[in-house]
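Chains A and B are the protein sequences, given in the same order.
As numbered in this note's numbering, the first sequence has no gaps in its residue numbers, which increase by one up to the final residue, 317.
As numbered in this note's numbering, the second sequence has no gaps in its residue numbers, which increase by one up to the final residue, 748.
Read the hints as simulated data drawn from the structure, not as lab findings.
Small disclaimer: the values here were computed from a predicted structure and weren't measured.
One or more hints might be untrue.
[As the list claims (entries may be wrong)] Derived pair list, reagent style DMTMM-like, types lysine to aspartate or glutamate, alpha-carbon separation capped at 25 Å: (1) A:Lys159 with A:Glu62; (2) B:Lys694 with B:Glu742; (3) A:Lys219 with B:Asp497; (4) B:Lys452 with B:Glu616; (5) A:Lys258 with B:Glu616; (6) B:Lys452 with A:Asp216; (7) A:Lys159 with A:Glu297; (8) A:Lys47 with A:Glu62; (9) A:Lys219 with B:Glu467; (10) B:Lys570 with B:Glu616; (11) A:Lys260 with B:Glu467; (12) A:Lys260 with B:Asp495; (13) A:Lys258 with B:Asp497; (14) A:Lys219 with B:Glu646; (15) A:Lys159 with A:Asp100; (16) A:Lys258 with B:Glu467; (17) A:Lys159 with A:Glu256.
[To be verified] Partial chain B-side listing against chain A, Cβ under 10 Å, derived: (18) Glu458; (19) Gly463; (20) Arg540.
Backbone N, C-alpha and C define an ideal beta-carbon position, used for all residues, glycine too.
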Amino acid sequence: MTENVPASPLFSQKHLLGIEGMSRADIEALLDMAEAAAPLSRQVNKKKDTLRGRTQINLFFEASTRTQASFELAGKRLGADVMNMSVANSSVKKGETLIDTAATLNAMRPDIIIVRHHQSGAVDLLARKVDCSVVNAGDGSHEHPTQALLDALTIRRRKGRVEGLTVAICGDVLHSRVARSNMILLSTLGARVRVVAPSTLLPSGVDNLGVEVFRDFRKGLEGADIVMMLRLQLERMSGAFVPSLREYARFHGLDEEKLKLAKPDALVMHPGPINRGVEIDSAVADGPRSLINEQVEMGVAVRMAVLESLSRHLPNN
Amino acid sequence: MTHAPIALVNARLIDPAAGTDARGGVFLEDGVIRDVGAHVTPSQAGSRTTVVDCGGDVVCPGLIDMRVFVGEPGAEYRETLASASAAAAAGGVTTIVAMPDTNPPIDDPAVLDFLMRRARDTAKVRVLASAALTKGLRGQEIAEYGLLSEAGAVAFTDGFHSIRNSQVMRRAMIYARDFDALVMPYAEDSDLAGAGVMNEGEFASRLGLGGIPREAEAIALDRDMRLVAIARGRYHAALVSTSMSLDIIARAKAAGLGVTCGASINNLTLNENDIGHYRTFFKLAPPLRGEADRRAMVEALASGLLDVVVSDHNPQDVDNKRLPFGEAENGAIGVETLLAAGLRLTHSGDVALPRLLAAMTIRPAEILRLPQGRLAKGAPADVIRFDPDEPFVVEAARLRSRSKNTPFEDARLQGRVKLTLVAGEIVHAYS
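Assemble the whole structure, with the sequences as input and the hints as a guide.
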């Protein structure tokens, strides 16, 4: 991205808290910016100075590898000073409330805070207590907007479009913020979205969320252009929601044989980290139709685009 | 399997599935019913065919007993598949559904596979398996309905354990629906039943025994109906025993829910007074109720509200029964006396014979989605012949079950099973 391309005026929010409420134009402008940012990461000199002098805090109340690293690299490549706050070593462990933590950090005058929290709505709450921009890096089972954006970008780059594609989102839809953000975003872009899961892992009223619902994995895969697998949390595997790992793998795990039910050119995605042999077989995860690593690459580009577009609204100006 | 063809002629053919009750015969060959009707006569049979003149006895589909506890694996001293199936054959029961309360319980496809193989090798009648609704029958974690269905489970139940946790029950129902699996729970609020050992009421109070209120069944059943309304799956109440429960089932059926119910032959033919002076062979679950409830159950059978009658066959040895009433195990054997005990209701004029037989043949077949249970061309040749009027006295020592805990000891019953055929093969003949 060159200096003469301004941050899109179409995306004019102070925070990025969710996909819900974003217009198709906002989303496409962000994807265009990310598309333009992608080549930077493949250069020797990966640095820009859009955020030079700015302070970005990554505040992760939940463990994360790829999202936290991705936001850190995106901030650094844009020239920001990035600080990672690990909750394990913080005052949160001493019983500090979320709002007190927010006030404390706010007093240090950061420009952007990236937040992940295990409670739905916690990032929204924090955003109302600070003066800087806040990006939701995942809140509970609610939203994970940058994941949905990077998924859409990956699809668009490989398929040339999102509109008209049939996307099957498969697995633990009930607990998945990735599924919620993707259901909204991909529908907004004109994709036909399906959710495919055992009934125990579907949210109540899912039939009214504007998606097609399949409880039979095989039927849900038929004719899909994109098969997006979700991670099954280990603690949900033994009896509460599904009886066992082996039964889940047998009926809802993606292997090469079941993938044949999708379109011949169907592509496979997974937000990671994957449970090999549970929701996805290694042969598929590592196979030629897997976009898993490309998703990670696009993650950095999308987060750079988000940070750049927010830079127009940062405080301390 | 190549047996000589058999023609049962000169019979009173009752086929509840077709609603027929008429003179005629059935012709069985290669394990299936080849022909049925008034035109099946000795002159029509070929030279290879064994012809049996039934002398006007009833010929009907073999009975399907949806609730039989067998001792395998783990309690072979009480009952084996061989002894249970011999008792079944003698009682005209050609298909039994084994309960998962075994040791280990049938909550794993490998255990179910073991049971099916043992049944294939040692049982005279068809044995189908139900599997656990929750792992270890503990009511905590849902079992592998998908893998267990593939292994042959026809229904899911925790046997005589009820599911206390409503969240577990809800998840069990919606997960079962994904596999179109039949959920067949025993409905009882175990907290309300508490330490009760018989029906709550005056009689229990006189005996000084703890009572199990009728509401314990109704509350659990009512909860389950609300969950069925969410889950929209297939639900069969394994055992109901009160008019209160029947009202709940009637409302659920009227609301279009996929609900059916069964009852033990004991709750249809016995009442709490039969306990007499602490007779533990009458200690059952659900408990024998008062006469008003028994009457309501009989009426529900006659009207069709009650879908299925089962033996609730539960062999217990003397060590478990020759105890103070409060300490004795629940349960009675019954698969061998199921039909004869049921015929009490036809002889008393309360229930028409075809209706009684429907609750033991076609209704279980429909609920379990089985091809047997009907006298139709091409259906499995599971057929019985019985004389509904022949009297006999039940002698526990002569019953084929390994355990002798029958509540009908010395009872005068009418109805002798003379011939039982499974897949066209004679597995029991009374002479």
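- request: Quickly compare the C-alpha distance for Lys258 (chain A) and Glu467 (chain B) to 25 Å and report which way the hint goes.
  value: holds, 18 Å
field: Lys452 (chain B) paired with Asp216 (chain A) [C-alpha distance capped at 25 Å]
entry: holds, 23 Å
field: Satisfaction of hint between Glu616 (chain B) and Lys452 (chain B), Cα-Cα up to 25 Å
entry: Not satisfied, since the Cα-Cα distance of roughly 37 Å exceeds 25 Å.
- prompt: Is it true that the CA of Lys694 (chain B) sits at most 25 Å from the CA of Glu742 (chain B)?
  reply: With a Cα-Cα distance of about 17 Å, the restraint between Lys694 (chain B) and Glu742 (chain B) holds, given a limit of 25 Å.
Given hint Arg540 (chain B) near chain A, where the shortest CB pair must fall under 10 Å: violated, 18 Å
- prompt: Given the hint that Lys159 (chain A) pairs with Glu297 (chain A), does the C-alpha gap stay at or below 25 Å?
  reply: At roughly 17 Å apart (the allowed maximum being 25 Å), Glu297 (chain A) and Lys159 (chain A) satisfy the hint.
task: Take the C-alpha atoms of Lys258 (chain A) and Glu616 (chain B), compute the straight-line distance between them, and say whether it is at most 25 Å.
output: violated, 52 Å
message: Against the 25 Å threshold, does the CA-CA distance of Lys159 (chain A) and Glu62 (chain A) hold or violate the hint?
response: violated, 33 Å
message: For Lys260 (chain A) and Glu467 (chain B), compute the direct alpha-carbon distance and say whether it is at most 25 Å.
response: holds, 22 Å
query: When you check the alpha-carbon spacing of Lys159 (chain A) and Glu256 (chain A), does it fall within 25 Å?
result: holds, 21 Å
task: For the pair we were handed, Lys159 (chain A) and Asp100 (chain A), check the Cα-Cα distance against 25 Å.
output: violated, 46 Å
- prompt: Is Lys219 (chain A) within 25 Å of Glu646 (chain B), Cα to Cα?
  reply: violated, 48 Å
The structure is inconsistent with the numbered hints 1, 4, 5, 8, 14, 15 and 20, although it conforms to all the rest.
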